[in-house]
Amino acid sequence: MSEKTIERPTTDEAALAKEIEADEKAAARQASLLKDGWADLRKRPMFIVSGLVILLLLALAVVPGLFTARSPFSDGFCQLQNSMTPPTSGHLFGYDVQGCDIYTRTVYGARNSIIVGVVTTIATTLIGGLVGMLAGLIGGWIDAVLSRVTEVFSALPLLVGGLLIMSIWGGGDVWSVSLIMAVLGWPQVFRIMRGEVISNKYNDYVAAARALGAGPGRIAFRHILPNTLAPVIVITTMNLGVYIAAEAALSYLGIGIQYPNISWGLMISDAQDRFLTSPHALLFPAGALSITVLAFIMLGDVVRDAFDPKMR
Amino acid sequence: MTIIDQTDAVPAPRDGEDTGPLLDVRDLHVEFHTREGVVRAVNGVNYSVNSGETLAVLGESGSGKSVTAQAIMGILDMPPASIPQGEIRFHGRDMLAMSEEERRKIRGARIAMIFQDALSSLNPVLSVGFQLGEMFRVHQGMSRKDAKAKAVELMDRVKIPAAAARVNDYPHQFSGGMRQRIMIAMALALEPDLIIADEPTTALDVTVQAQVMDLLAELQREYRMGLILITHDLGVVADVADKIAVMYAGRIVETAPVHELYKRPAHPYTRGLLDSIPRLDQKGQELYAIRGLPPNLLKVPRGCAFNPRCDRAQDVCRTDVPPLVQVTEQDGTALPGRASACHFWKETIHG
Amino acid sequence: MGRYVVRRLLQVIPVAIGVTFIIFCLVFALPGDPIQALAGDKRADPNIAAILRDHYHLNQPLYLQYWHYISGVFTGDLGETYNGRAVSDLVSQRFPITLKLGLTAFALEAVIGIVAGIFAALKRGKFLDNVVLVSTLVLISIPVFVLGSVLQLEFGVNLKITPVAGIQQGWPQSYILPAIVLATTSMAYIARLTRASMTESVRADYVRTAIAKGLPQRRVIGLHALRNSLIPVVTFLGFDLGALMGGAIITERVFNMPGIGQQLAQSLYLRERPVVVGLVTLLVLIYLVANLLVDLLYAVLDPRIRYE
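Quick mapping for you: the protein sequence lines, in order, are chains A, B and C. As numbered in UniProt numbering, the first sequence has no gaps in its residue numbers, which increase by one up to the final residue, 312. As numbered in UniProt numbering, the second sequence has no gaps in its residue numbers, which increase by one up to the final residue, 351. As numbered in UniProt numbering, the third sequence has no gaps in its residue numbers, which increase by one up to the final residue, 308.
Treat the hints as calculated values from the structure; they're not laboratory data. For every residue, glycine included, the Cβ atom is placed at its ideal position computed from N, Cα and C. Treat the hints with care, since some could be wrong.
What the hints assert, rightly or not - With a Cα cut of at most 30 Å, we get these calculated DSSO-like pairs of lysine-lysine: (1) B:K263 <-> B:K346; (2) A:K35 <-> A:K201; (3) B:K299 <-> A:K43; (4) C:K123 <-> A:K43; (5) B:K346 <-> B:K299; (6) A:K35 <-> B:K299; (7) C:K160 <-> C:K100; (8) C:K126 <-> A:K43; (9) B:K159 <-> B:K145.
Unchecked claim - Here are the computed distance ranges between Cβ atoms for each label pair: (10) C:P258 <-> A:V49: 38 to 46 Å; (11) B:E191 <-> A:P216: 37 to 45 Å; (12) C:L133 <-> A:L212: 41 to 49 Å; (13) A:A211 <-> C:R124: 54 to 62 Å; (14) B:P257 <-> C:E200: 43 to 51 Å; (15) B:V300 <-> A:G139: 46 to 54 Å.
Using the sequences plus the hints, can you model the full thing?
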């Protein structure tokens, strides 16, 4: 409940100093919503759990050799006579249809998942963020045109659009998959950024900055941008998991990452036909994929709770 | 939807027999359990209101005045709030001992509340006619059509122009003053015995404030309702209130009939409030202000809660909580209705 | 309200044209010569090929081809395949399957998601709330094709409650399990969205007013809080209705259902350009119409939009 206090500005210097101090504290609180969110984050168990899982995944992605002595790219890695052998003590996850060790492939699969998730997220955030900021700041017909263009892109569902584009370009490695998902995914960040910029543009503090003589560039980057960051960070974190899942879905449909590149989605797709007789070939990569997505979604969830001022 | 007859859950005032006050709050305590600790928002508040009487409750934000009102209405969120101690007697019966269903039947029908911000307090997606008529439909089982007719009647009553044409409009289509009139109409709908108005004019333009306040006072006289007016605006109070209770940090620090309080405050806090009103006859002089900030309710100062901001504070103020005591003239004759919770009330009132 | 509808309709038209044109360009950029493909390994007869190219407007510039196509769409003609079959025939055969699947999933996610969300919000911080929060997180994280495979194995093969795959047993038997799989992710999102939005509105001032009016709890929650909470949920549901049809591709593949998604994958593989264009255009139009309906419904639910 906002009630104005009864006091008028005081002349008592000690009290005045106190008031100013309180005022500054309040201002600092406002300004460092992000810092505040971070302090809040570190205390949440969900953040710690998902953070540890993600650190492990990053380790897998950067130095897979630490976790397995074999390399999936070495000669003789796959032995057909081992095809679909269930898990044994030396090969905890068993073998797939080609007779490749599933544990090693699962470990090496982390890298592609992480790269796709991170690259796509960075690309969508940069494209969507910049274009959204431009549309929001400039307004007028430029905004109208950009908004229609994003609507055109977002009317193409990710899977359908991905299916189409991949069929033409022929998919293949992590970079082409990331690029295509970024092309289809940036309108979402655009919408959020544009909405935030517009709602902040008419705030009194922007008018105040302008009245104090700040130029358009300074207003955009020093005043408006920091206030739009929280929602963009939230959506960015949540998207990491979504894009990792989407890559797996595209690869599962046979149009994402292609052999000899390793993708959990592709592994699952290969194992599907024999799932009813030897489920292990599907369940291990599926488990790795689910845990990865869960970790990023959990991270997104706690980040939202910590940063979204509406939820506080 | 359940249809509730106006039952006798609460005895109507029996003429001649019921001599007690309409509402009697006794030693009320309200606590909030938060992550940072227990906030004692209300610490033993006593006050009473009679039919046709207006009590003004005055205080800064955090003084507990709104929380007390919400406790009377029974609209506190429990948890985090809890009422460890106290009684709220309405027509002589303690409402805190009633069942939730009994209390619900009193809410809106016998005790109604007007909130500060009518825009957020009215449901944005329902028409005002629906929200007004709802009172009759839920409490009296009236048909949709009759309720709408009643709603138009009410809107007329609070002087909303073209009521019949506007009954299907939504809250955002009205001006601030008109919206507050709708809030008043809603509170008046079932002709309650008591109305609690929580800062009813704070959100309004100054010119509209007087109109709304006059309307409220007029309707109160007409229906002989009790009125609790919660405010921090001493100007509003002088015209309409019969008596005043000043709250600070969850306690009542002074009570007095309205004009006596203005003439001779018996608590340094009240004095400070009065001195900080700009006055035309003191034009050009520096305006007084109470120094310091309202207390943090998690760390209420020991002794008298006001002591860090008080000019008169002595050692005793930092150790002993002053009780609310009867205020007398210098010769010892009691001043009716006056009390102060200051160790040095005598010095304050008699100089 | 009238002006709002007209403005919204006018906005859809350029988007529809833009997106269909992009689809058209993409599809016709598909590698390979479709006429040569008709002849298989043999060399196509140049005369017949020329006639066919003429018939399919393949000699004309792309924008003219697009014009022929889009003017056909408005008369209900989605073009014909290179072996002379009307695409609309194919659609009318395949679409009902996807539609049944999508609508069943839609009903499931709406009902279960909203109910779970409301209960979680009302029991905020309690056991039930945590169950909803954790289970929705897990459901969002399990990819559809994994969930589909596991449920298929469990219910179809082990427990034999539902058919393993195909649509031989018709609705609802053959559709219920795929619909559950298709609905899960959105259901989890809806439950979370309803919970968040309901949590916000039960704390709103107008809900406090409703309590102060002496309304029974059921009316306070069921009318005053819910009416406001449902606005974002309905928006999400509308967007999702369009997205479900596209998302059905995976579910249809797991459960081997001959719907639009399966047909699309197959036609892409066979490079049947007219079919691909027709199907994708259909999916996109459904998506756009669903969005349009959402916006109109939004105006009905929220009077503040209506009078802007």
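Unmet hints by their number, sorted upward, for this structure = Violated hints: 11, 13; rest satisfied.
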